[in-house]
Amino acid sequence: MSFIALILKNLFRQRVRTGLTVLGISLGITTVVALGVITSGFKATAAELLRLGGADFMVAQEGTADMTFSTVSTEDWAAIARRPDVERAEGMLFHVARVGSNPFFFLMGRQAQDLAANPPPLKTGTVFSPAETDVIMLGDRAAGDLGVDVGDAVEIDRRSFRVVGTYHAGTLYEDGGGYAPLATVQELAGKPGVVTAIFVKARPGVDPHELALGIEEQFPNLASIVDVSDYGEVDQGLEMLDAANLAISVLAVGIGAIGVMNTMVMSVFERTREIGILRAVGWRGSRILRMIMAESLLLCVIAAGVGAALGVLATRAVLLIQTISNFLEPQYTLEVFARGLVVAVIVALVGALYPAYRAVRLTPMEALRYE
Amino acid sequence: MSSRELVVEMRGVVKTFEDGRVRALDGIDLQIAAGEWVTVVGPSGCGKSTLLHLIAALERADAGTVVVNGEDLAKERDLCRHRAREVGLVFQLDNLLPTLSASENVQVPMFEIGLSADQRRRRAQELLALVDLTDQAKNRPAELSGGERQRVAIARALANEPGILLMDEPTGRLDSESGRRVLDLIQALRQQHRLTVVLVTHDAGVAARADRIVRMLDGRMVGEEVPAGRPPA
Numbered sequence: 001m002s003f004i005a006l007i008l009k010n011l012f013r014q015r016v017r018t019g020l021t022v023l024g025i026s027l028g029i030t031t032v033v034a035l036g037v038i039t040s041g042f043k044a045t046a047a048e049l050l051r052l053g054g055a056d057f058m059v060a061q062e063g064t065a066d067m068t069f070s071t072v073s074t075e076d077w078a079a080i081a082r083r084p085d086v087e088r089a090e091g092m093l094f095h096v097a098r099v100g101s102n103p104f105f106f107l108m109g110r111q112a113q114d115l116a117a118n119p120p121p122l123k124t125g126t127v128f129s130p131a132e133t134d135v136i137m138l139g140d141r142a143a144g145d146l147g148v149d150v151g152d153a154v155e156i157d158r159r160s161f162r163v164v165g166t167y168h169a170g171t172l173y174e175d176g177g178g179y180a181p182l183a184t185v186q187e188l189a190g191k192p193g194v195v196t197a198i199f200v201k202a203r204p205g206v207d208p209h210e211l212a213l214g215i216e217e218q219f220p221n222l223a224s225i226v227d228v229s230d231y232g233e234v235d236q237g238l239e240m241l242d243a244a245n246l247a248i249s250v251l252a253v254g255i256g257a258i259g260v261m262n263t264m265v266m267s268v269f270e271r272t273r274e275i276g277i278l279r280a281v282g283w284r285g286s287r288i289l290r291m292i293m294a295e296s297l298l299l300c301v302i303a304a305g306v307g308a309a310l311g312v313l314a315t316r317a318v319l320l321i322q323t324i325s326n327f328l329e330p331q332y333t334l335e336v337f338a339r340g341l342v343v344a345v346i347v348a349l350v351g352a353l354y355p356a357y358r359a360v361r362l363t364p365m366e367a368l369r370y371e
Numbered sequence: 001m002s003s004r005e006l007v008v009e010m011r012g013v014v015k016t017f018e019d020g021r022v023r024a025l026d027g028i029d030l031q032i033a034a035g036e037w038v039t040v041v042g043p044s045g046c047g048k049s050t051l052l053h054l055i056a057a058l059e060r061a062d063a064g065t066v067v068v069n070g071e072d073l074a075k076e077r078d079l080c081r082h083r084a085r086e087v088g089l090v091f092q093l094d095n096l097l098p099t100l101s102a103s104e105n106v107q108v109p110m111f112e113i114g115l116s117a118d119q120r121r122r123r124a125q126e127l128l129a130l131v132d133l134t135d136q137a138k139n140r141p142a143e144l145s146g147g148e149r150q151r152v153a154i155a156r157a158l159a160n161e162p163g164i165l166l167m168d169e170p171t172g173r174l175d176s177e178s179g180r181r182v183l184d185l186i187q188a189l190r191q192q193h194r195l196t197v198v199l200v201t202h203d204a205g206v207a208a209r210a211d212r213i214v215r216m217l218d219g220r221m222v223g224e225e226v227p228a229g230r231p232p233a
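Chains F and W, in that order, are what the protein sequence lines are.
Just so you know, we're using our numbering here: the first sequence kicks off at 1 and counts up by one.
Just so you know, we're using our numbering here: the second sequence kicks off at 1 and counts up by one.
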């Protein structure tokens, strides 16, 4: 008999209690994993957004609660474009509107010449020309969802747009949304003379990070977003998700630890006499400690496995809702599952501390006299 | 008492409980030689089991010295090693772990002596063969009779090849036939393994199997005798 076999026997002698404890902990882990998968998905999508049009980084208004609230004046845009270390600065206005059944259609206002210079990979039709106004290029996912193709009309905020082309960029926001002329989108959104963000490409030989810092120095009201970790400067949504994830992890640890402690305390109480026997045949306190801690760890690792599986199922279920799948692509990263496992291990260690301490403190005779 | 090497020496041993109000052992002087079978008899509450617990290092004496195999237990820091290697304990209730099979119960003490899982399993098989329970190796305690459980407990007590077997009323809960078989087994094992046996009982028939009988009353030794029909050691 191995030590692990002994631990398994101890753990599964009360199958219902162990099962319920595993279920309780795994629900906490499910939440941690599901939220982690969703947060990672949002971050990955945000990272894609930074590089729109082949840019090195994005510049937006600093301190906005949501990136779509950002406004950058066309004067600032022009000033950035004039910098000698900037190869290209492209302004875009984002407008979220209901289109068909999708309440979060992502409309990107972009100048025709910029679009022509760096178009997304076309599938059908063409890019729009500078002379056109109420036209739109749709991502293939959006076109598919709406059931439209080149030549068809799409209504956005009670304004009709003629589809001139479709594309597949491979990114969620682009393929689920569309490009329309900047002036038209400014008019539609009621934001004349401003863009949401400027997508900057550094000249060859210029370090994008240094350029980003230089722009921030020149324009204190703007923030440069070089990678997704800078996103909080222009959009607090991801930070809020991160904070929620942390809070739920802490809650999961607290609630889970109490559940484990309850189970392990009961288990130690029930086995007091058996612990006395183990001490009487020579088992050291350290071995008893290892036994209790290992039982708790095993319990929580099983819960982590169950919780991770439930977390994946939960996110898949959420993505069946088309509204959500339009702007969220879940990321099942190792980091997310590692976080679930870490939470489970902390739950195990915290939950087992008191019962293990109690078991180790028992003298052999105290335990043997226990009825 | 034998002139052979002493394995247990108790001098002036005092053990109290309940903050000194109950004096379980009150100045015990006892020497036990290697290979000897000593039975301690006396009425309930006279201190027999406490005496056994002190030799097993399950408790420490309040005063006096308890020396086992040359080690003064008051000075011994690693009492777990003593319990794991020097003595084997058999209780009145078999005290087997209910979720483990007979073989697994026998293996439990071996965790402390660094045997591999395979070595533990093989040694448990040998010990169960010794107590004639090879066929019951996979059975849990609930599937064994009282006598069989007590034989498993004896096999477990011998797991780490101790020199001293300590038994607290090992036949107290058994019918006479099962009790006789257990005592025959102890007798045989003692001869095969050169064991020293210290057995506590208040059954005169059981006591008569010993080389020497020690009588206790109110925490004191009140007499020693050699059972009838046995030569003095």
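Derived from the structure by calculation, the hints contain no laboratory data.
On a predicted model such as this, the values are computed, not experimentally measured, just so you know.
Certain hints may be false.
On the chain W side, residues computed to face chain F include the following (Cβ under 8 Å) [said to hold, decoys possible]:
no., residue
1, Glu59
2, Ala63
3, Lys75
4, Leu89
5, Leu97
6, Leu100
7, Val108
8, Pro109
9, Leu115
10, Ala117
11, Arg121
Partial selection, computed: residues in chain F whose CB lies under 8 Å from chain W [said to hold, decoys possible]:
no., residue
12, Phe3
13, Ile7
14, Lys9
15, Arg13
16, Asp145
17, Gly147
18, Leu278
19, Ala280
20, Trp283
21, Arg284
22, Arg287
23, Leu289
24, Pro364
Where is the CB? At the ideal position from N, CA and C, for every residue including glycine.
Broken hints, by number: 2, 3, 9, 13, 16, 17, 23
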